[in-house]
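With chain L's structure known, arrange chains P, H and C on it following the hints.
Top to bottom, those sequences are chains L, P, H and C. Residue numbers for the first sequence, in our numbering: 1 to 295. Residue numbers for the second sequence, in our numbering: 1 to 279. Residue numbers for the third sequence, in our numbering: 1 to 257. Residue numbers for the fourth sequence, in our numbering: 1 to 270.
Keep in mind that the hints are not guaranteed to be accurate.
Capping the alpha-carbon separation at 30 Å, the derived lysine-lysine pairs in DSS-like fashion look like this [what the hints assert, rightly or not]:
hint: 1; chain 1: P; residue 1: 268; chain 2: P; residue 2: 247
hint: 2; chain 1: P; residue 1: 105; chain 2: P; residue 2: 123
hint: 3; chain 1: P; residue 1: 167; chain 2: C; residue 2: 177
hint: 4; chain 1: L; residue 1: 126; chain 2: H; residue 2: 156
hint: 5; chain 1: H; residue 1: 254; chain 2: L; residue 2: 144
hint: 6; chain 1: P; residue 1: 167; chain 2: P; residue 2: 219
hint: 7; chain 1: P; residue 1: 123; chain 2: C; residue 2: 259
hint: 8; chain 1: P; residue 1: 231; chain 2: P; residue 2: 219
hint: 9; chain 1: L; residue 1: 230; chain 2: P; residue 2: 247
hint: 10; chain 1: L; residue 1: 123; chain 2: L; residue 2: 144
hint: 11; chain 1: P; residue 1: 232; chain 2: P; residue 2: 84
hint: 12; chain 1: C; residue 1: 177; chain 2: P; residue 2: 87
hint: 13; chain 1: L; residue 1: 242; chain 2: P; residue 2: 232
hint: 14; chain 1: C; residue 1: 259; chain 2: P; residue 2: 84
hint: 15; chain 1: P; residue 1: 105; chain 2: C; residue 2: 259
hint: 16; chain 1: C; residue 1: 41; chain 2: C; residue 2: 51
hint: 17; chain 1: C; residue 1: 177; chain 2: P; residue 2: 123
hint: 18; chain 1: P; residue 1: 105; chain 2: C; residue 2: 177
No lab work stands behind these hints, which were simulated from the structure alone.
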Amino acid sequence: MAGNRGDSAMGSDRFGEVRIENVTKTYKKKDSSSTVLQDCTFRIERGRLTALMGPSGCGKTVLINLIAGYEIPTTGQIFLNDVPVTKPDPERLVVFQESALFSWMTVYSNVIFGCRVQGMPRKEMKDRAEHILRTVGLYEFRDKYPSQLSGGMQRRAELARALINDPKIMILDEPFRGLDALTRQLMQEFYVELFEDGGRTNFFVTHEIDEAIFLADRLVIMTFQPGKIKAEIEVDLPRPRKFGMLASHRFMEIREYAIELLYEEAAKAFAAGSKSAYDLVGAIVAQKGMSQKCE
Amino acid sequence: MAINNQNGYGAISIRKVGKIYDPEGVHVEAMRDCSFEIAAGEFAVIVGPSGCGKTTLLNAIAGFDTITSGEIYLDEELISSPRKQIKPDVDRMVVFQNGALFPWKTVVENITYGPLVQRKMKKPEAMDAARDMLSKVGLNEIEDKYPEELSSGVQRRVEILRALINKPKVVMLDEPFRGLDAIAKTVMHEFLVQIFCTASNTMFFITHDLDEAIFLGHKVVIMTTRPAQVKKIVTVNLPWPREHHLKGSETYLDLKREVLEAVHEEAKKAFEAGEREMA
Amino acid sequence: MRRVKKYFTASTWRGFLSLMVFVALWQLVIFLKVPYLERLPYPADVATEGAKAVQSSGYWYNWKVSMIRIFTGFAVAQIIGIPLGLAIGLSRVFRGFTFPIFEMLRPIPPIAWIPLAILFWPTRELSIYFLVFLGSFFIIVINVIQGVGNIPVSLKWAATSLGARRKDIFWRILVPGSLPSIVVGMTVGMGVTWEVLIAAEMIAGKGGLGRATWEAYTNSAFPSIIVGMLSIGLAGYLCSALIRKISDMFMPWKRKF
Amino acid sequence: MIDRIRTGLANPQLHRAVVGILLFLGLWYLLTAVLQLPRFKLIPDPLQVIKEWFSLEPLSGRSLFTKTYYVDIAYSIARTLTAFGLATFMGVTLGLFMGWSRIFYDFSFPVLEILRPMPPLSWIPLAVLILPGVEVAVITVIFIAAFFATVLNTLLGVFSIDRNYFLAAKCLGSRPKDIFFNIVVPGSLPFVFTGLQIGMGIAWMSLVAGEIIVGQRGLGYAIYEGYSLYQYAQVICYMFTLGILGYASSAAIRAVGRKLMAWEARKRGA
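So that you can see chain L by itself, here it is in the shape it has in the complex (with noise of 0.2 Å):
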């Protein structure tokens, strides 16, 4: 299955691969500007998961923003499969942080939006919704609300309303902030399930360290304001993923290794005077080690 699901997609168009090249984005204020992404340059690979991993304020959401389209970049372009993104579009599809579900309609409606306003037919409709609800195992709940649903049925509820598009890359945006660890930990194996059998492009944006390298085949880490890609880490833990691995040696390797790209990073946000700068503080004293301080 790990072998081969790349090689397989490598011929099609089915799904898609993305090129971010030399991005930069600058928003003007008044008199002053401040560059927030500075020439990026990374590829999401084809049938692969990529994650991404920064500091809070280096521009995640940013460069997400741009990738679905909703801004575009000051300069540098972005490549669906050779093709210039310019507008938001259906083939590149983003899960929310938090909930993005409108709150307003059922499970079923909210699965079909994206059919129903691009024009299918019903019966096809019909028929794709009800085979996506119980490949995430909400068929029960089609009639519910979200309000109605526990925190992981209505991410699952969400993967299944990008699902249902067949778009060519799924960008996901800290989709399982929120959950406790404990169902966070299940969300990620019946996501990382879900990956693996269908092999699609994903690019998955999160804070979370564990999750990132479960998760992912290659991790990208971006550097505080302005936004660079500092480093690309290759995970090379075995597929199909099982959560036995975070025990794993090698697990704790790339682990500490991230960690440490990490820190410098959150040392630069506490010289800016981030919000978050007095965890640095901290953050940097612990890198000492801790036994002096408890004498």
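Here is chains P, H and C on its own, set in the frame of chain L:
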């Protein structure tokens, strides 16, 4: 694993505790025959699925709620049983899940609140003590800020200081670091280790994060889904004070695997039960 | 705040008791001849008067007149106010032109319009409709504007991503998304509307619960005054309850389970 | 400073606002003075209103330059403030105690719920007949209007306080008195101020009604008198005067609120 409490205050004994909620006649058994011991000065971590009654236990020890069977002792004194419930007091401090710093008081006012309402200290004395605590952990610049101006990591640390200034026997923390990212959590762990080394209270720490549980605890108590019982108690044989590099060690990974499996099984059960309940 | 539904709890008994105490106190102040309050009618007299009123057709006629006035003015306010609020909330340009006028007129208490309304409208009845309309118009517009503003941008983005066009976004996202605020606007507006109606009826009306209370006043018929007040209170309460009911119907996702 | 004014003046929203208001006044002028449509003929045009308002010798005897104008304002303000002050004091106190003590709540809330749906204005006849003098009656009606809004919002404010604050305070060794002053009072302030805003709005409205129906002197009374004496321009001047006073009083409440709730303001600033 050196338990560094010499005076021996703060031992908790939980004996066959059960709790049944019965609003509108809906019979919900949150806890059943739950028994374990926490030694004085021990750092005990409680893990288990959501809604499994960990908070129920905390509420009973703190005196916020009652239990329907069993007994809880603090230093050989009965503090909770179906017939008797000791009120909340300064010997048992709670740090809440979503934080309960008073938003309308500045950091220093929050910390000095306890000693002042208890009339234990005069105002200047309390202010000095609070400033002293803050500067020891490198937070001296924020004393006049309001909590909501601070990041949640700093808020949590201030809340822990607010509890500790009262020199309680037991500090109970209910998922205090939920929602923080990995880096902020690491900082919080360092902070707790440092605090715990000097303060020598008994710690009762509820969490969902297993790395956190093993890194901090002398013992990890794993609870089952509802009705909550003790599934397993894992003793963490790692040297204290805990240091970061421990996380790569073979002992650590073995412990993590053990806890992971036990918890995962329960989490799955709870998740499925939850879905059945909603359907 | 959610309260557990359980009947005959300590709270229910206390509530019942407190109403008894209230009526007893009322009786007592008259009995003890407390200055000024001694002029109040006895609760029993009010009850007798109330029983008499309920059997007369004139009383119910007043109900009908007031209700028609309320619902006409209120409905027109919603029909004009909701689209206007949506337009102001959606278009920056439109907002720029209209909102200042709106803000200029809004702080003027609706009751201060009474003379001008009587002057302008050919009949008294129309001027009462207009005043009732004013009472809820500004409130509904403000609430719709806020409602549109409070819809998270991520919802609009999610919809665009899924291929929605402007029309879809308007009908499927903005309108249902601002419904909760519309309901709040209606509830608050209904309260103010009754205020205005009572004043208008007392000053310029013919028939209606407000007028009936006023006529009782001119005859110094104390029990009738209080029956009138209670009727007005009940009518206002029923109107609010109706709005809650309708809002539940239109917003199934907000129902409590 | 000059820069800021310049950028402020360059703001397109400001241009639109000016154009919008001019259009409104233009339309008003057109309908009443130029076209003189049937019903609009009766209404004074904006120029007449402004002339009357700024006139040294107004036809109605009431303008910016007459003493009567300010006496009317003073009467209305005095009535509103007296009633509003009383309502705030009693309403906030009652609301806090109701929120704080469950038993007190159980006893007082049902009575409140029975009296609350009655519009304050429906109390006018009773108040006039029972109370000594019209002045007391008007103030009582305004008081009732502001009182219910204040009590209810204060009560909601207390209920909105996170339960954990109470638990934390108990842990820290507070007695009931400490909890009342350190948790209940500051915790409910944001809602209290919402209540005061609403109360102030209803108070002005009831004032006008009270003055029209039974009053002597004051803005509402003058409006009705202007109407009966065919001084329609003055009626409109007074309507705008009421609008300005209403706006100013709610701005004043907001300012006091910001001052008392420094933590809320700083949160927004951060």
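Hinted pair residue 123 of chain L and residue 144 of chain L, Cα distance within 30 Å = Given pair residue 123 of chain L, residue 144 of chain L holds - Cα atoms ~21 Å apart, limit 30 Å.
Regarding the pair residue 259 of chain C and residue 84 of chain P, is the alpha-carbon distance no greater than 30 Å?
-> violated, 46 Å
Decide if the proposed pair is consistent with the structure: residue 167 of chain P and residue 177 of chain C, CA atoms, cutoff 30 Å inclusive.
-> Answer holds: residue 167 of chain P to residue 177 of chain C is near 23 Å, not above 30 Å.
Do the alpha carbons of residue 230 of chain L and residue 247 of chain P lie within 30 Å of each other, as the hint requires?
-> Measuring from Cα to Cα gives roughly 25 Å; hence the hint holds.
Holds or violated: are the alpha carbons of residue 126 of chain L and residue 156 of chain H at most 30 Å from each other?
-> holds, 24 Å
Quick one, are residue 105 of chain P and residue 259 of chain C close enough, alpha carbons at most 30 Å?
-> The given pair, whose Cα atoms are some 14 Å apart, holds under the 30 Å limit.
Given the proposed pairing of residue 268 of chain P with residue 247 of chain P, does the C-alpha separation stay at or below 30 Å?
-> Cα-Cα ~26 Å, so holds.
Holds or violated: residue 231 of chain P with residue 219 of chain P, Cα cutoff 30 Å?
-> Holds - the C-alpha atoms of residue 219 of chain P and residue 231 of chain P are around 13 Å apart, at most 30 Å.
Take the C-alpha atoms of residue 167 of chain P and residue 219 of chain P, compute the straight-line distance between them, and say whether it is at most 30 Å.
-> holds, 23 Å
Is it true that the CA of residue 105 of chain P sits at most 30 Å from the CA of residue 177 of chain C?
-> holds, 17 Å
Agreement of residue 254 of chain H and residue 144 of chain L with the hint, judged by alpha carbon distance not exceeding 30 Å | holds, 12 Å
Going straight from one Cα to the other, do residue 41 of chain C and residue 51 of chain C come out at no more than 30 Å?
-> holds, 18 Å
Taken one by one, the earlier hints fail for this structure only at number 14.
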